[in-house]
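Novice: As a plain string of letters, each chain reads:
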Amino acid sequence: MLKYILRRIIMLIPVLLGVAFCVFTLLYFTPGDPARMVLGDLATDEAIKEFRDKEGLNDPFLVQFGNYIWKAVAHGDIGRSYSSKRPVMQEILTAFPYTLKLSAFAMIIAIIIGIPCGIISAIKQYSWFDTITMIFAMIGLSMPVFWLGLLLILFFAVRLRWLPSSGFSTFKAMILPSVALAAQSISMVTRMTRSSMLEVIRADYIRTARAKGQKESIVIGVHALRNALIPVVTLCGLQFGQLLSGAILTESIFAVPGVGRLMVNAIMSRDYPMVQGGVLFIAVTFSIVNLLVDLLYAYIDPRIKAELK
Amino acid sequence: MKKFSIIFLALILALSLAGTSLAKDTLVVADQYDATTLDPIGHNDYPTSRACSHIYDTLVFLNHDGTLRPGLAEKWEFLTDKDYKMYLRKGVKFHNGDEMTAADVKFSLERANTPAGSHIHTYSQDLDNVEIVDDYTVIIHLKKVNYPFFSSLVHSWGNIVCKKVVEAAGDDYGMNPVGTGPFKFKEWAKGDHYTFERFDDYWGEKAKFKTLIVRSIPEPTNRTIELETGAVDIAYPVTTIELARIEENPELVLQRKVIPSTTYMGFNVHKAPFDNVKVRHAIHALLDTVNIQRAVFRGVGQTPRSLIPAVTKYSINDDLPAHTRNVETAKKLFAEAGVNPATLKFIIRSNERKERIDMATIIQAQLAEVGIQTEIVQQEWGAYLNVLQQKQHDVFLLGWGLSVPDPDYAVAGLLESNAGTNYTTFDDPKLNEMLVKGRSLPDGEERAAVYKEMQLYINEQLPMIYLHNDEAIAGVRKIVKGFEVDPFEVHSFRGVYFEE
Chain A
1 MLKYILRRII MLIPVLLGVA FCVFTLLYFT PGDPARMVLG DLATDEAIKE
51 FRDKEGLNDP FLVQFGNYIW KAVAHGDIGR SYSSKRPVMQ EILTAFPYTL
101 KLSAFAMIIA IIIGIPCGII SAIKQYSWFD TITMIFAMIG LSMPVFWLGL
151 LLILFFAVRL RWLPSSGFST FKAMILPSVA LAAQSISMVT RMTRSSMLEV
201 IRADYIRTAR AKGQKESIVI GVHALRNALI PVVTLCGLQF GQLLSGAILT
251 ESIFAVPGVG RLMVNAIMSR DYPMVQGGVL FIAVTFSIVN LLVDLLYAYI
301 DPRIKAELK
Chain B
1001 MKKFSIIFLA LILALSLAGT SLAKDTLVVA DQYDATTLDP IGHNDYPTSR
1051 ACSHIYDTLV FLNHDGTLRP GLAEKWEFLT DKDYKMYLRK GVKFHNGDEM
1101 TAADVKFSLE RANTPAGSHI HTYSQDLDNV EIVDDYTVII HLKKVNYPFF
1151 SSLVHSWGNI VCKKVVEAAG DDYGMNPVGT GPFKFKEWAK GDHYTFERFD
1201 DYWGEKAKFK TLIVRSIPEP TNRTIELETG AVDIAYPVTT IELARIEENP
1251 ELVLQRKVIP STTYMGFNVH KAPFDNVKVR HAIHALLDTV NIQRAVFRGV
1301 GQTPRSLIPA VTKYSINDDL PAHTRNVETA KKLFAEAGVN PATLKFIIRS
1351 NERKERIDMA TIIQAQLAEV GIQTEIVQQE WGAYLNVLQQ KQHDVFLLGW
1401 GLSVPDPDYA VAGLLESNAG TNYTTFDDPK LNEMLVKGRS LPDGEERAAV
1451 YKEMQLYINE QLPMIYLHND EAIAGVRKIV KGFEVDPFEV HSFRGVYFEE
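Protein chains in written order, with this note's numbering: chain A, 1 to 309; chain B, 1001 to 1500.
One should not assume that every hint holds.
Here are the simulated DSS-like pairs of lysine-lysine, each with C-alpha atoms no more than 30 Å apart in a straight line [as the list claims (entries may be wrong)]:
no., chain 1, residue 1, chain 2, residue 2
1, A, Lys172, B, Lys1186
2, B, Lys1186, A, Lys54
3, B, Lys1345, B, Lys1024
Over 12 Å on every C-beta distance to chain B, these chain A residues come out as not near it, computed from the model [said to hold, decoys possible]:
no., residue
4, Leu39
5, Phe51
6, Ile153
7, Leu154
8, Val158
9, Leu163
10, Arg210
11, Leu225
Please keep in mind that the hints were generated in silico from the structure rather than gathered at the bench. Idealized CB from N, CA, C, for every residue including glycine.
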């Protein structure tokens, strides 16, 4: 198992190098001079030249890329933000807790609602509950989050005045953004649980379990659910990874100062080090979440555990 | 199920009760963006200028009408036209308890000319050095005559920092600011809000409330909602679509003021046919600029008539007649220039701001009436600036705002030959001369005459067509008193109090 984890971590290196290279290339060829974006309209030409020299923006592309990687590897330094002058890592670490909390809440809501709904829908296929759940799942899946977010704000913040419409510093303020962000995940988890359960319920071993007189709750809860969970766990993992990489729209609507907003602002202001650092950070988080999900399989499915050894 | 719903209802009730009003000793303000740094020379943007203005003081303060009043400098005299003697206020304390002296002033202003101040070099570049006469007197020496420099001291760059603290903090200073202002730094959750607290040893009138929280809420609708629900007391800026909602709400007050900014359509005057002044005038005659402005901004702002905004001193904006559309005049001018408008074809460029695209669209339609074919190209800001810098463009829409209340800044940055933001490529020795002359004169009638002549000359040359002069609009809760929106957009909360 340890060997497997180690191998996976080593495999991260080419992935990150690839990501770094892609981002670097894309930003390099994006129009707009970072020196002018940073120093502003009014900057004198000397100031621009000085900045370009100091930041190595005049070096050839590969030299710039090499320098970046070297600093990151040798000193753990992924640059300083052009706009705030603080280290990029520090900026990301200030924003990340917000995103982490937001994603975790959204994911918990998605799991608490999605999995039970999926299971019930599968057991009572074509019942009224199933139909309604599937309609809601469809709505949740197709409703754009910025629209849902605004509706939630209008209803809960403006009409009822129960919850604040923006910010993320109190528990109350976290409810609306988490729910808005969770909507899509709830729908996906519900649909995935349902279809996966439906597949498993028809399997021979379930028939066997029922035939031997096992209680229905155990048949469903143990025999069926555990086998049906693998794709759901994958989905949850992917979703969580995605949420962590910054729910840009949700964070913008509810003014949550998370990674998503940080990235948008960085892109808007041509803050190259910030964008590069941010994307790298997201790539790392995504990979780690994926790794954790793979490890989780082993606990859910003994067959995979055996393979890993 | 029943039990669950009872718990659910109880939870909702608890949530709705929690966080009801506390005694009003906190002013909560919603701004569009967060500050980028709290180092006064490390930026040149409005949200940051606003944040710095609470923590720091400048040597001179700016009144809403654009005149100056004493700040950290009690009085001043102009020894020559390049040397300003400033008498500093005595007994002014920094937030760390140290007294502010001439050494801090020298350090603060000279620091702007180091690489750390690259954002604001345009203001500070003519500063030669600051001479310390004694602890409370300094002489500011300039490299060359530049009267607008004195006005620029009210800009964020003129804020006085504590030498000792800045030197000790190094690169991290922007996160741990120490000034002499009415509020001291307490906490900053980047991207979300910053919290300042009243500085009880402030030399001037102390703030009437204890805590100032400024939240950054980029979505305009959200700012309005927070204002409506009472979660914030002042929301700024208010966009056109939100105006009616605030106006109709009896709990809220709308404050509006015209600001010194100009949105214009510039010609690349080095490119045919725009190198012909008659063609520029002909195009102007084709456009109904007054109604374009009205249609797009729906009652906010006005159509400028001069490049120096109406609220800036020496502006002759209000003395000039409004522009009216006249297709016949346009045709005549085209004929005089020997240009057949039906053969004209060019590109109107803009960044992605909706109002600019809207204006460009109407402009396109009005030009099409005489057969001029235009294409509107919109680009993301960085790419747009890049194109303008290459100076190959035809016609473009852009804005220009003044953070320093001197007419020189309204013209020099846009039309002086060597200005980095001169995208019309206007290169006119006569205007350059006028600008130098304007800068070399102290305020008074002679200076006013220079700028009057300059404005008429620019309108005659017409390197750009003026489209819009914006307003600063803030939504304020009725219980908030003593706040007045600042036409220079650096709003002060020094005098704010609550009336419940």
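Novice: Hint numbers the structure violates, sorted upward?
Specialist: 2, 3, 4, 5, 6, 7, 8 and 9
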